[in-house]
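Student: Chain by chain, the residues:
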Amino acid sequence: MIESILKVSNLSKSFSGVKALDNVHFELKRGEVHALMGENGAGKSTFMKILIGLLAPDSGEISFEGTDLRNSNVSDTLKRGISMIHQEILIIPELTVAQNIFLGREKELSGRKDWTSGWLNDTAIDKKAAVLLEEMGVNIDRKAKMKHLSVAQMQMVEIAKAISNDAKVIIMDEPTSAISDKEVDTLFKIIKDLRAKGVSIIYISHKMDEIFEISDTITVLRDGQYIATKSAVELDKPSLIAMMVGREIDHMFPESNSAKGDLALSINGLCRKGQFSDINFEVHAGEILGFAGLMGAGRTEIARVIFGLDKLDGGEIRIKNKSVINKTPREAIENGIGYVSEDRKGLGFIPGMSVKDNTTLASMNRHRKGIFIDQTSERISTEQMIDDLRIKTADMDQKVTYLSGGNQQKVVIGKVLLAAPEIIILDEPTRGVDVGAKFEIYKLIRNLADKGIAIIMISSELSEILGMSDRILVLSKGKQTAILSRAEATQELIMKYAVA
Amino acid sequence: MDRSFQLKRFGQYGIFLAFALICLALALSTPRFFTLPNLLIIGTQVSINALLAFGVTFVIITGGIDLSLGSMVAVAGVTAAMFAHPDTYPLLVPLFAGLGAGVFFGAFNGFVITKSKVPPFIVTLGTMTIGRGLALILSKGRPISNLSDSFNFIGGGNVFGVPFPIIILIIAFIICSIILNKTVLGRYMYAVGGNEPAARASGISVTNVKMWVYTLCGLLSAVGGILLTSRITTGQPNAGAGFELDAIAAAIIGGTSTSGGTGTMTGTLIGALLIGVISNSLDLLNVTSYYQQVVMGIIIIGAVVLDSMGKKDR
Amino acid sequence: MTINPMKYILIAALCITMASCNQSQKSENGEKDSGKKLVVGATMLSMQNEFIVNVSDEMEAKAKELGVELITVDAERSALKQVEQVESFIAQGVDAIIMNPCEVEASSPAVKLAMDANIPIINVNSETSAKPTAFVGSDDTESARIAMKYLAEKLGGKGNVLIMHGFMGQAAQIKRDNGAKEILKANPGMKLLAEQTGEWDRAKAMSLMENWIQSYGSKINAVFAHNDEMGMGAVKALEAAGLKDKVIVVSVDAIPDALQSVKIGALNATIFQNAQEQGGKAIETAVKAAKKGAFEKQVLIPFQLVTKKNVEQFLK
Chain A
0 MIESILKVSN
10 LSKSFSGVKA
20 LDNVHFELKR
30 GEVHALMGEN
40 GAGKSTFMKI
50 LIGLLAPDSG
60 EISFEGTDLR
70 NSNVSDTLKR
80 GISMIHQEIL
90 IIPELTVAQN
100 IFLGREKELS
110 GRKDWTSGWL
120 NDTAIDKKAA
130 VLLEEMGVNI
140 DRKAKMKHLS
150 VAQMQMVEIA
160 KAISNDAKVI
170 IMDEPTSAIS
180 DKEVDTLFKI
190 IKDLRAKGVS
200 IIYISHKMDE
210 IFEISDTITV
220 LRDGQYIATK
230 SAVELDKPSL
240 IAMMVGREID
250 HMFPESNSAK
260 GDLALSINGL
270 CRKGQFSDIN
280 FEVHAGEILG
290 FAGLMGAGRT
300 EIARVIFGLD
310 KLDGGEIRIK
320 NKSVINKTPR
330 EAIENGIGYV
340 SEDRKGLGFI
350 PGMSVKDNTT
360 LASMNRHRKG
370 IFIDQTSERI
380 STEQMIDDLR
390 IKTADMDQKV
400 TYLSGGNQQK
410 VVIGKVLLAA
420 PEIIILDEPT
430 RGVDVGAKFE
440 IYKLIRNLAD
450 KGIAIIMISS
460 ELSEILGMSD
470 RILVLSKGKQ
480 TAILSRAEAT
490 QELIMKYAVA
Chain B
0 MDRSFQLKRF
10 GQYGIFLAFA
20 LICLALALST
30 PRFFTLPNLL
40 IIGTQVSINA
50 LLAFGVTFVI
60 ITGGIDLSLG
70 SMVAVAGVTA
80 AMFAHPDTYP
90 LLVPLFAGLG
100 AGVFFGAFNG
110 FVITKSKVPP
120 FIVTLGTMTI
130 GRGLALILSK
140 GRPISNLSDS
150 FNFIGGGNVF
160 GVPFPIIILI
170 IAFIICSIIL
180 NKTVLGRYMY
190 AVGGNEPAAR
200 ASGISVTNVK
210 MWVYTLCGLL
220 SAVGGILLTS
230 RITTGQPNAG
240 AGFELDAIAA
250 AIIGGTSTSG
260 GTGTMTGTLI
270 GALLIGVISN
280 SLDLLNVTSY
290 YQQVVMGIII
300 IGAVVLDSMG
310 KKDR
Chain C
0 MTINPMKYIL
10 IAALCITMAS
20 CNQSQKSENG
30 EKDSGKKLVV
40 GATMLSMQNE
50 FIVNVSDEME
60 AKAKELGVEL
70 ITVDAERSAL
80 KQVEQVESFI
90 AQGVDAIIMN
100 PCEVEASSPA
110 VKLAMDANIP
120 IINVNSETSA
130 KPTAFVGSDD
140 TESARIAMKY
150 LAEKLGGKGN
160 VLIMHGFMGQ
170 AAQIKRDNGA
180 KEILKANPGM
190 KLLAEQTGEW
200 DRAKAMSLME
210 NWIQSYGSKI
220 NAVFAHNDEM
230 GMGAVKALEA
240 AGLKDKVIVV
250 SVDAIPDALQ
260 SVKIGALNAT
270 IFQNAQEQGG
280 KAIETAVKAA
290 KKGAFEKQVL
300 IPFQLVTKKN
310 VEQFLK
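Protein chains in written order, with numbering that gives the first Met the number 0: chain A, 0 to 499; chain B, 0 to 313; chain C, 0 to 315.
These are computed hints drawn from the structure, not numbers from a lab. Hints may be right or wrong, so weigh each one.
Stated by the list, open to error - In silico lysine-lysine, DSSO-like type, Cα no more than 27 Å apart, as pairs:
1) B:139 to C:308
2) A:326 to B:139
3) C:315 to B:139
4) C:262 to C:296
5) A:310 to B:114
6) A:368 to B:181
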């Protein structure tokens with residue numbers, strides 16, 4: 000029997016009367032990868048925040064290597080060996096990799112004990128960083144400035160930082176949400192190495208395939224309640240999903256039954272310097288065209304040009320056989336294009352504004368009387384979107400920041416829909432969205448197609464692309480390598496073209 | 000968590016509470032404070048700063064800043080004064096000249112900011128100096144006096160016992176509140192300040208919104224400049240120096256966040272009143288202006304601390 | 000005060016380039032002009048101040064009359080800038096310098112620099128703690144004495160007085176305060192109700208007066224403002240409150256606005272400080288000193304009390 004390093008029992012926490020965690024149990028063994036699963040709002044973040052000392056629990060016990068952790072703060076837990084790799088990576092962009100790894104511990108590394116310990120010793124910091132990165136087997140220049148690294152590389156630096164802190168437990172929150180497949184392989188190798196060295200990992204992700212590949216044990220939370228802890232080999236995908244959503248989801252992807260309508264959008268020879276070139280495709284009303292490809296293949300970049308966010312360097316965009324030039328998103332919207340960005344926080348919604356204000360933002364022309372806002376029609380439209388899209392919100396005056404990821408996404412989709420587009424580009428529509436909401440979003444997308452809207456769906460999840468698209472356009476390094484029909488497309492075929 | 004929730008509530012209403020408490024304390028410490036004539040005087044004294052603060056509230060909500068307010072006051076004031084000598088032009092001429100100067104100046108700010116992508120702080124720092132120079136050039140460095148009685152009524156007259164500046168203040172407050180809360184433009188201001196790329200991606204012309212905002216700010220500064228000129232019955236080229244700081248302070252005390260996206264006209268009005276009440280009452284209590292400055296600084300910091308506490312949530 | 004060393008280097012570099020430019024210019028001029036035309040550099044407190052502009056205008060006129068080349072620069076109320084400007088005058092090799100000092104202490108180094116470089120330096124209008132070649136101006140203490148004596152006379156030595164100060168800490172404010180307090184001491188019947196700064200500004204003075212009226216109402220008998228701008232503000236506030244007839248207001252400088260006001264009987268009196276004579280005498284003294292002729296070390300131009308009786312002679 001392997002000893003357990005962290006034991007949590009009967010943990011509860013509520014916020015202004017609402018129970019975020021209710022009698023949660025959790026046991027982490029030394030040297031295991033333990034996946035923590037649950038939909039958004041299931042209580043995972045709260046649980047993590049309590050573990051690292053950011054929040055204090057209302058009741059319950061946390062014992063880490065025999066010591067009580069209930070009243071410790073972040074720096075206590077860090078010293079004891081619990082590190083967290085955050086979803087939003089916390090780095091200082093202007094400092095080097097080595098300086099970031101040892102940030103806050105410069106004095107220990109200065110080699111001095113007296114008052115001169117404030118004197119920086121960058122050589123020592125550098126040497127230690129080199130040894131550390133070497134041991135991890137990652138190829139990152141320790142002298143590079145953080146701002147020049149890719150997201151995946153930054154993550155490696157975060158992990159290096161955790162290891163340098165002699166972390167016994169490393170918590171990883173959605174570590175693969177923004178990195179490429181190849182980088183995921185590297186990450187998993189490092190995780191396996193860490194496991195072999197006796198480090199325990201708490202792994203949070205929405206991606207099922209990953210969970211089954213990497214984890215030994217799976218604990219599921221739902222609505223703040225502890226559901227079960229099982230060994231990964233005991234479980235399969237459907238049973239895990241059932242545990243998470245509390246019901247069986249038989250058909251993840253809705254049936255395609257929409258008839259292909261008139262030509263909606265045709266793209267001829269589109270190019271933008273340094274990003275993509277010679278892109279040609281057509282989308283018809285009622286059709287879902289999937290965009291597949293690796294990170295950086297140019298999928299988002301094409302969408303941005305079509306939507307007028309970036310300038311095009313060549314080629315033609317035709318809507319309903321009429322040539323258009325979209326210099327700004329405003330013109331694109333007027334020409335009937337809607338865009339749901341992959342960057343929800345950056346381009347999707349205005350965090351400080353209410354659900355209503357966000358939902359109607361792109362269609363103010365329909366909700367105004369002269370220079371004034373038509374409050375009544377605004378409320379009616381928002382009400383309808385909340386109903387249609389099943390947005391879970393206290394009321395329409397709630398700020399969007401306080402909604403879950405899936406509901407935020409629905410607000411953004413609602414906003415795009417209210418502008419009455421004929422063509423919608425959905426860029427990673429289910430990123431950071433939990434399983435239950437994912438299913439709803441799929442149904443929604445299919446409904447839109449059924450209503451005669453032409454849809455371009457960009458996704459990194461192959462199962463999603465395969466399940467949803469009528470046709471699939473594959474991109475590789477800024478070039479269009481194939482357009483596959485639903486019938487002929489397979490995971491292997493798409494990957495073949497994606498790396499071509 | 001519960002504690003920060005309370006603080007957040009306090010951050011929202013704290014300014015009203017603080018204002019009420021300060022007024023109460025003043026009313027208790029000097030019987031002369033809470034009298035109708037004194038309240039009218041406070042209203043008059045506050046009017047110019049409040050007008051500028053309304054203008055800069057628009058700007059700050061969109062995530063910008065305008066440091067050229069004080070210079071716009073001088074340019075508009077001097078321009079109006081040039082046409083306001085008795086028996087020369089009808090009253091509308093100096094008014095439109097002054098307002099026009101402010102609108103032009105504000106639009107110029109907006110134009111440079113949207114075209115150059117240089118931060119507003121730097122652009123308006125530049126136009127602040129340009130404006131001061133223009134005011135000196137227009138007036139040849141000397142105050143322009145001998146203004147018509149009708150022009151002097153604007154800042155010095157009464158209607159049914161209410162000083163005219165207060166009437167202008169109330170009208171401006173109502174119009175600015177309507178713009179911010181009831182018009183599409185107002186909604187777009189919050190959107191641009193809350194998340195500029197997302198606003199653009201929602202089909203909002205960020206350029207238009209910014210042009211509007213800086214032009215409005217110029218217009219309101221011009222109203223302030225005309226009021227000031229009329230009140231002191233001269234067009235002074237060095238008038239309004241440092242006014243921008245008081246106006247920005249009023250907006251910030253009133254809960255407008257310098258990071259953009261939040262703020263209300265009511266808050267700004269209270270902020271301006273708070274500043275006015277404090278300087279009025281410290282005069283009544285014969286406290287030297289040195290202490291007034293210290294008190295004002297403490298209030299500004301206090302307001303911002305409250306504001307950031309309000310945001311610390313989740 | 001901390002000054003970053005880069006600034007010094009920059010100033011030095013600027014001075015050197017300016018000096019070399021000017022030398023070449025001079026030699027050209029010298030050939031044409033037999034090198035006799037005197038050059039005088041003048042640095043003025045602030046060209047945004049009407050009184051200073053008047054002094055400067057008169058200097059310009061006098062310089063033309065005497066055939067002297069006058070270079071006028073604006074120190075924009077910064078003593079540091081003023082010192083830098085004098086440094087560059089020295090580097091240019093001017094024959095004499097006229098300085099209208101920004102501050103008593105902080106502008107003093109400029110005087111020392113000029114004296115060390117053997118260039119005569121004349122202070123005009125206000126003083127520095129370092130002794131210049133000559134001083135042309137009026138004694139600010141005296142102006143306040145005249146004003147307060149006028150008030151004492153009008154009130155019959157008894158009454159409540161308010162004093163509006165200029166910017167605290169400036170030479171003019173300190174001296175005018177000293178003069179005023181001297182007279183107050185000599186007249187125990189006169190009571191100082193309150194004193195406060197109006198920062199030389201008309202709008203600020205108006206607000207201050209309004210607030211005082213709220214505080215003291217009909218108790219106020221007289222107001223002494225350190226300058227006319229503030230005096231005018233006080234008059235405006237008193238008029239609005241319907242108290243002007245009961246309160247005597249006197250201020251210093253005799254700017255055109257104030258003279259007009261005296262003429263119509265709003266402002267009771269102002270103290271005339273003769274800008275023309277200050278400017279003219281400054282140039283005359285500078286020229287004499289540059290030619291190493293005899294000159295007076297201290298030229299004091301007397302103040303004059305302006306009331307409704309004699310206002311006509313000051314109005315042009």
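Student: All hints, please: hold or fail.
Tutor: Going through the hints against the structure:
1. As the CA atoms of residue 139 of chain B and residue 308 of chain C are separated by approximately 31 Å, the hinted pair breaks the 27 Å bound.
2. At roughly 47 Å between alpha-carbon atoms, residue 326 of chain A and residue 139 of chain B are farther apart than 27 Å, so this suggested pair is violated.
3. Taking the CA atoms of residue 315 of chain C and residue 139 of chain B, the gap is about 19 Å. The hint holds against a cut of 27 Å.
4. Restraint check for residue 262 of chain C and residue 296 of chain C: not satisfied, since their Cα atoms lie roughly 37 Å apart, outside the 27 Å limit.
5. As the CA atoms of residue 310 of chain A and residue 114 of chain B are separated by approximately 17 Å, the hinted pair is consistent with the 27 Å bound.
6. Proposed proximity of residue 368 of chain A and residue 181 of chain B is supported: the alpha carbons are some 10 Å apart, at most 27 Å.
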